[in-house]
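Chemist: Since chain A is already given, all that's left is putting chain B on it; use the hints.
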Amino acid sequence: MDTTQLLKGVLDLAVLAVLRDEDGYGYDILRRLRAAGIEEVGDASVYGTLRRLFSGGLLNTYVVPSDEGPHRKYYGLNAAGRAELQRSGKVWHGFASTMDDLLRERGAA
Amino acid sequence: MTEIDAYVDGVRQALSGLSAEVRDELLEDLPEHLAEVRAEGSGTLVERLGTPEAYAAELRATAGLVGDFPEPPKPRYPELIEARDNILEILRKVDVRVGPVIGYEKAGDFLRLLRPAWWVARGYLAAMAIAFLLQANRGNMGLLPRIGDSDLVALVLLAGCVTLSIILARRSPDLTRTPRYALRAGTAFLIIFALAGFQTADSHARNENGGANYVDYSGSNPYSNISDVFVYDGQGRLVNDARLFDQEGNPIRLGDNHCDDPITGESGRSVHLGYPYCPVNAPFTDPNTRTPQPSASTSASATPTATPTPTAPSSPAVSPSPSR
Numbered sequence: 148m149d150t151t152q153l154l155k156g157v158l159d160l161a162v163l164a165v166l167r168d169e170d171g172y173g174y175d176i177l178r179r180l181r182a183a184g185i186e187e188v189g190d191a192s193v194y195g196t197l198r199r200l201f202s203g204g205l206l207n208t209y210v211v212p213s214d215e216g217p218h219r220k221y222y223g224l225n226a227a228g229r230a231e232l233q234r235s236g237k238v239w240h241g242f243a244s245t246m247d248d249l250l251r252e253r254g255a256a
Numbered sequence: 043m044t045e046i047d048a049y050v051d052g053v054r055q056a057l058s059g060l061s062a063e064v065r066d067e068l069l070e071d072l073p074e075h076l077a078e079v080r081a082e083g084s085g086t087l088v089e090r091l092g093t094p095e096a097y098a099a100e101l102r103a104t105a106g107l108v109g110d111f112p113e114p115p116k117p118r119y120p121e122l123i124e125a126r127d128n129i130l131e132i133l134r135k136v137d138v139r140v141g142p143v144i145g146y147e148k149a150g151d152f153l154r155l156l157r158p159a160w161w162v163a164r165g166y167l168a169a170m171a172i173a174f175l176l177q178a179n180r181g182n183m184g185l186l187p188r189i190g191d192s193d194l195v196a197l198v199l200l201a202g203c204v205t206l207s208i209i210l211a212r213r214s215p216d217l218t219r220t221p222r223y224a225l226r227a228g229t230a231f232l233i234i235f236a237l238a239g240f241q242t243a244d245s246h247a248r249n250e251n252g253g254a255n256y257v258d259y260s261g262s263n264p265y266s267n268i269s270d271v272f273v274y275d276g277q278g279r280l281v282n283d284a285r286l287f288d289q290e291g292n293p294i295r296l297g298d299n300h301c302d303d304p305i306t307g308e309s310g311r312s313v314h315l316g317y318p319y320c321p322v323n324a325p326f327t328d329p330n331t332r333t334p335q336p337s338a339s340t341s342a343s344a345t346p347t348a349t350p351t352p353t354a355p356s357s358p359a360v361s362p363s364p365s366r
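Each protein sequence line maps, in turn, to chains A and B. Just so we're on the same page, my numbering is the position in the first sequence counted from 1, plus 147. Just so we're on the same page, my numbering is the position in the second sequence counted from 1, plus 42.
Just chain A, same shape as in the assembly (with noise of 0.2 Å):
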């Protein structure tokens, strides 16, 4: 199964989930979503993800200058981002043990 189709139904998720314990720029996050093993995520998905979740009102946004780099725009949860990675994140799991459920009693897991 590809990858790439199931993620863009939880891309949203997974952005608010590297968001949780700590604020983070897109390339940052960018990093830790690959480090967690979401390695097929394109650079472009992730910036037009953070882009709907902020006007989704999920999220805050800060400039962070910068001595050595550029200026950085920092994302982080704001309550109402959290409520709904709480939110999605139950039904993340009712999903996934549906599916766990159904893909071992055809013995196919």
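These aren't lab readings, by the way, just hints derived from the structure by calculation. Beta carbons are placed, not taken as given, at the ideal position from N, Cα and C, and that holds for glycine. Don't take each hint at face value.
To give an idea of the interface, some chain A residues facing chain B are shown, with a C-beta separation under 10 Å as derived from the structure [unchecked claim]:
#, residue
1, K155
2, Y172
3, Y174
4, D175
5, R178
6, G195
7, L197
8, F201
9, G203
10, H218
11, R219
12, V238
Modeler: Quick look at chain B alone, frame taken from chain A:
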């Protein structure tokens, strides 16, 4: 313009269907991101991230802009684009299949190694094209870009064009859209020019081999309009099936061995192995073997191409049909 600026510019143009405000918002992080990607490793941005157009499409799709904002303009020729995509897909498969046969992961990896060779070849082709356009006597150019028959000019022009081509190749990733298209159009022209040139050179080479000592005086050749040769002996008799040789014993080929049938008017390959190809067109009638006909003199003057033997090349000896 740096590579990063060019990439950002490409993405910006691909997002041109959006309002300036949204576009700027989407592009806000991009230069910073590209700088990070660039710092991380080797390879061009396009190799790492795909084309600016693809990046823009992904950005637009994931940012949830479909529906909220005007849809991007529909492609004008969807069938053409689909055909192009199909061809690219086939090429990609061929690329992967052929690669291992020649010892590379992809055939493209090998072709990329040949790039500098192409730059040099492109310089040569450009020089030839320039010389061809400036040279009055085009048949006489040879394989160097001579202008006014000067070897020195040819070498200087060649060196200049090759150098320019290489410089251009190094800079082409930084070119903006218009110069890049101009470069591609120029390259397409050069390839067509090269194919035409190759075809000409090839047919020249074949003629030289096939015709043994055949010399092409192109333009200045007084024999170029000869279509047949008539050999008469001392008594004024027409010699049939004569063969012509030069001092080296190489056959001399003049004319072409096609005859117009005097009755039907159809053109066909001559049945005669030597000269004349078309004895019926003889300019002078043979007094000994044929009864003189009153119409003979008029028919003789009616064939302008027919010239008596003395016009054959002076040095080669005219030897009537050697025993073969």
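Chemist: Hint by hint, note whether the structure agrees.
Modeler: Now the hints, each set against the structure:
1. K155: holds, 8 Å
2. Y172: With Cβ-Cβ at 8 Å, under 10 Å, it holds.
3. Y174: Holds, about 4 Å.
4. D175: With a closest approach of 9 Å, the A:D175 hint holds.
5. R178: With Cβ-Cβ at 9 Å, under 10 Å, it holds.
6. G195: With Cβ-Cβ at 3 Å, under 10 Å, it holds.
7. L197: Check passed: Cβ of A:L197 comes within 8 Å of chain B, closer than 10 Å.
8. F201: holds, 9 Å
9. G203: Hint holds; A:G203 Cβ to chain B Cβ min 8 Å, cut 10 Å.
10. H218: holds, 8 Å
11. R219: With a closest approach of 6 Å, the A:R219 hint holds.
12. V238: Result: violated, 19 Å to nearest chain B Cβ.
Hint 12 alone, counting from the list given before, is not met by this structure.
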